[in-house]
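Visitor: For reference, the chains in residue letters:
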Amino acid sequence: MLTLSVGLTQYMVLSAILFGIGLFGVLSKKNAIAVLICIELMLNAVNINLLAFNKFVTPTQFIGQIFAIFVITVAAAEVGVGLAIIIAIYRNKLSVNLDEFDWLKW
Amino acid sequence: MNVDLSLLNPEIAISILGLAVLVLGLIIPKESRHGLGWLTALGLLGVLGLTISGWNNQGTLYHGMFIVDQYAIFFKITFLTAAFLVTLGSMRFVDDMGDQSEYYSMMLFATLGMMVLASAGDFITLYLGLELMTIAFIVLVCFKRLDGKSVEAGMKYVLLAGMSSAVLLYGLSLIYGVTGSVTISEVGRAVAVTPVPALILGLVMLVAGLGFKISAVPFHMWAPDIYEGAPTPVTSYLAVGSKAASFAILLRVFVAALPGIWANWTMLVAVLSAITIIVGNLVAIPQTNIKRLLAYSSIAQAGYILVGLVTASEQGIKGVMFYAFLYVFATIGAFTVATYFYNVTGSDEIKDYAGLSQRSPLMAVVMLICMLSMAGIPPLAGFVGKFYLFKTIVDNYLWLAFIGLIMSMVSVYYYLRVALVMYRDEPLDNSPINLSTPVAVTLIIAMVATLFIGIYPGPLSQVINMAAHSFFMH
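Same order as they appear, the protein sequences are chains A and B.
The numbering used here puts the first residue of the first sequence at 4, with every later residue one more than the last.
The numbering used here puts the first residue of the second sequence at 20, with every later residue one more than the last.
To be clear, the hints were calculated from the coordinates, so they are not data collected in a lab.
One thing to keep in mind: the hints can contain errors.
[Unchecked claim] Derived PhoX-like pairs: lysine-lysine, alpha-carbon spacing no greater than 25 angstroms straight-line:
(1) B:K370 with A:K33
(2) B:K410 with B:K168
(3) A:K33 with A:K96
(4) A:K32 with B:K168
(5) B:K49 with B:K163
(6) B:K163 with A:K96
(7) B:K168 with A:K96
(8) A:K32 with A:K96
On a predicted model such as this, the values are computed, not experimentally measured, just so you know.
For reference, chain A alone in the conformation it holds in the complex (with noise of 0.2 angstroms):
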C-alpha cells in the first residue's frame, strides 16, 4: 500500500508554481481581463502559502487562516473595482485589449 504524505514543501511548491504562472500571465497576457484572472492566481497562491503555514508553523492559533479570509475579501472588492473599470473603457474603445490602450505612453 503506497501512502503518500503531504508536508509543507509540497504545498510551498504549489503555492510557487501558482504565482510564477499568475505572474507570467500579468506580464504577457493581452486581454485585461486575463491580467485580472492572473492576479487572482497570485493571491490564491499567497492563499495557499498562508494555510499550510497556519497548518505546520502555527497549529494552534488561526492567523494564517483569519489573514486568508481578509485576503479573499480585499481581492473581491479589488476585482469589482477592476471589472467596473473594464466596463468603462470598453463603452470609450469597444476593446478590452491592452496593446490598444495608447493614449498615454506606457
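Position chain B against the provided structure of chain A, taking the given hints into account.
Guide: Using the frame of chain A, we list chain B on its own:
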C-alpha cells in the same frame, strides 16, 4: 482586556464623515451639492484638530495590531493637512466634474486607509490599510469616466496595483511562515537569529511591493502615466498622501520588524535610492507636460526620502518625517497652480505657461517657490529637509550623498526652465487669471509654510524629534 477606544477617535471621526458625505450626496438636490466640498474641508479641519489634541494619548490596541504613537500621529497630521489643502484647492475642479459626493467620500476613505496604514502594528492591518487606500485611489484616478485618458490611467493602476499587492502579500506570507507571527514587534524578535533564504526572498518581495507604492525606480513605470491621466487634484493627493503613507509603513516594517537582518537590506535600499534619484531627475529634463514633469520630480523626491531609510536610525526617521511634511506643501502648491491653470485654459503643457507672471503673479510666484523648495535651494524648506536626510549618511555612504548633491543641481535646470517660461516669455493671451478665494488661500498656505519651515525649522524639528523618539518606545 480593556480597550481604550479614545485612541481610535480620528479614525472613527473620519469614517463617519466619509459616510455622511456619501449619504448627504444622495439626499440633497444636485444644485446645492457644491456645499459638500465645504463640509469635507471643515470636517477634515475638525479631524485634524482632534488628532492634534490626542498628541499625548499613546498606546497600542488589540494585542499590538494597532499602534498609536506620536510617530503615527505625526503622519496622520501630515495626511489630514494634505487632504484639507487638496480639498480646498480643488472645489471648482470637482464642481466642473460633477458627482461631488462620491469624489469627496472616496477622498476621505483614502485618507482613512492612510491613517490605518500609519498605525498598523501587524501585517493584516497593514494590508487592509494599504488596500483601502489603493482601491479608493483607483476609483479617484478614473473619476472622469467619459475621458479616455482618465479611464485608461485607472485601468493601468488597477492592474499594476493588484499585481504589486499580490507580490507584497507573497512576501508577507513568507515572513509569516519563517517567523510564525504577523505582529511587527514579534517578527522583530524572531528575525534576530540568522536569516534563512525564504526570509530574504520575502524581504525582497516586500521591497518590490512597497517600492511600487512609493514609485522607487525599477517599479516607477506606472507613475508618469497615471499622474498624467488622473484628474489633477487626485494626482497631487496621490503624489503626497499615498507616498507618505507608504513611507510610514516602510519605516515601521524595516526599522521595527527587520533590524535583525539590517546588513542584508541596507545596501539594497541605498542602491535603490541612488538609481531613483538619478533616473527621476534625468528623465524629468525632456518633459513638456507639467504633470509629467512633476511626476518625474516626485519620483526623484521619493529617492531622496529613501536615503533616510538607509541608516535605520532615529536621525534617519526624523529626516523622512521632516521631508514628508514639507513635501506636502511644495507638491500641493505646485499641483494646485496646475489644476487652476487647467480649469482656466484647458492645457497642461509647459509652453502655455508663458507669461504667467503677468497674468497671475500669485500663481507664478507659488509655482516658483514650490519648485525651488523641491530643488533644495536655501532658505526654502526643501533645503532643510535635504540637509537632515543627507546628514545621516555622510559617514558611511558618502557616494550616495554626492549623487544626491549632483542630481539636486541637475534638477534646478528643469525647475528653472518652467520659471523661465513663466517670467521671461510674453503671454499669447493677455487676459488676467482671477483666483477664487479657496484656491488663493491654499496657495498662500503652501507658500507661507514652505518659506516658514525653511527659515525657522526649530519648532517643527523639535516636534519631529519627539515623534521619532516614540517610534522606539515599544
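Visitor: Now look at each hint and say whether the structure bears it out.
Guide: Verification of the supplied hints:
1. B:K370 with A:K33: Judged against 25 angstroms, a Cα distance of about 36 angstroms means the pair is violated.
2. B:K410 with B:K168: Status violated; Cα separation ~42 angstroms.
3. A:K33 with A:K96: Distance ~15 angstroms between K33 of chain A and K96 of chain A Cα, so the pair holds.
4. A:K32 with B:K168: holds, 22 angstroms
5. B:K49 with B:K163: holds, 18 angstroms
6. B:K163 with A:K96: holds, 15 angstroms
7. B:K168 with A:K96: holds, 11 angstroms
8. A:K32 with A:K96: holds, 19 angstroms
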